[in-house]
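J.: Please put together the full structure from these sequences, using the hints given.
Each position in the sequence shown, counted from 1, maps to that position plus 5 in the working numbering.
A couple of the hints might just be wrong.
So the derived label-pair ranges between C-beta atoms look like this [to be verified]: (1) Pro65 x Ala197: 53 to 61 Å; (2) Glu138 x Ile200: 31 to 39 Å; (3) Asp135 x Thr239: 14 to 22 Å; (4) Leu163 x Gly300: 17 to 25 Å; (5) Glu263 x Ala197: 27 to 35 Å; (6) Leu163 x Pro65: 21 to 29 Å; (7) Ser166 x Arg26: 17 to 25 Å; (8) Trp233 x Asp135: 47 to 55 Å; (9) Ala242 x Arg195: 47 to 55 Å; (10) Thr34 x Leu261: 44 to 52 Å; (11) Gly247 x Ile109: 25 to 33 Å.
These are computed hints drawn from the structure, not numbers from a lab.
The beta-carbon is built from N, C-alpha and C at its ideal position, and this holds for glycine as well.
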Amino acid sequence: MIEVGALRALRSVAALGTLARAADELGFTASAVSQQIKRLERQVGVPVLAPAGRGVVLTPAGQAIVDAAPEVFQALERCAEAAQSVAEGAPRGTLRVVAFSTAIRGLLAPAIPGLSARCPELRVEIVEQDPDEALHSVDAGTADLALAHDADGLPVPLPASLNRCLLHTDIGDVVMPRAHPLAQLDRPLRNADLIGHRWVTSPPGTVCHQWFRRLFADVPEDPDVRHWVDDFSTQLALVAAGEVLALIPRLARPPLREGLVPLPLHRPPQREVHAVWRSSADASPAIRAVLTELGAG
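T.: Below, the structure written as structure tokens:
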């Protein structure tokens, strides 16, 4: 019979391309993962991996095993959920949650006190991961629940093995000193209002930088960007110095110091934040408890 650990190891190697990366994800040494793969090959009687440059690829037999693996993991998870349901559905044990940093700050952290009070036997472990990595972790079984945002307004495609629900719609505001001329306007800011001012923005490659560039997509001038900073608290410190404005998502925004104000935009950039879990874990009391506390239950 194929060992579940070996099956999980092969699936991770298939997704990540090397034994070393799979070992990091699973918390083993590369040697231990290699031994699991060798045991699997002895159990099925054929090779499941072949070398490819500095990495490895699946053989046809290995691909067939990986393709069948989700059904195995889902059946095992349903067994666990049935056992938990027999125990009156009380959320207990450990729930592994992966999420991007601002979702941890703005959604998970505020929910923890209420969750701890309602579910004292549930231990929640949180690991920061970018959305793509978080979705892989849930699909691979190394995490139970992910909080992920969409990709620049486009919903992230999910495999059939995963479910999701909308938790939050995040919106960007322009933060500035209270004495700034734009702060005196008694209406949402239009893109044309933003011309001729100095800015601090998130670095290229981030969602917030894409948001910022979109504000100036239909204006004739490039924005005057003085600083590129990823940390929003640091952005606010530069805004407080009186030199620049900043576009900051509400979910990511730390408490504003005295003298700073957020102004809404006429066409604000936004992103949707979803909770994602394995379809086979739909009945999980722990996942349902967390979703309820996050306002999605």
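J.: State for each hint whether it applies.
T.: Here is how each hint holds up against the structure:
no. : hint                        : verdict
1   : Pro65 x Ala197: 53 to 61 Å  : 59 Å, holds
2   : Glu138 x Ile200: 31 to 39 Å : 37 Å, holds
3   : Asp135 x Thr239: 14 to 22 Å : 20 Å, holds
4   : Leu163 x Gly300: 17 to 25 Å : 21 Å, holds
5   : Glu263 x Ala197: 27 to 35 Å : 30 Å, holds
6   : Leu163 x Pro65: 21 to 29 Å  : 26 Å, holds
7   : Ser166 x Arg26: 17 to 25 Å  : 21 Å, holds
8   : Trp233 x Asp135: 47 to 55 Å : 19 Å, violated
9   : Ala242 x Arg195: 47 to 55 Å : 27 Å, violated
10  : Thr34 x Leu261: 44 to 52 Å  : 47 Å, holds
11  : Gly247 x Ile109: 25 to 33 Å : 31 Å, holds
Hints 8, 9 from the list above are not met by this structure, while the remaining hints are.
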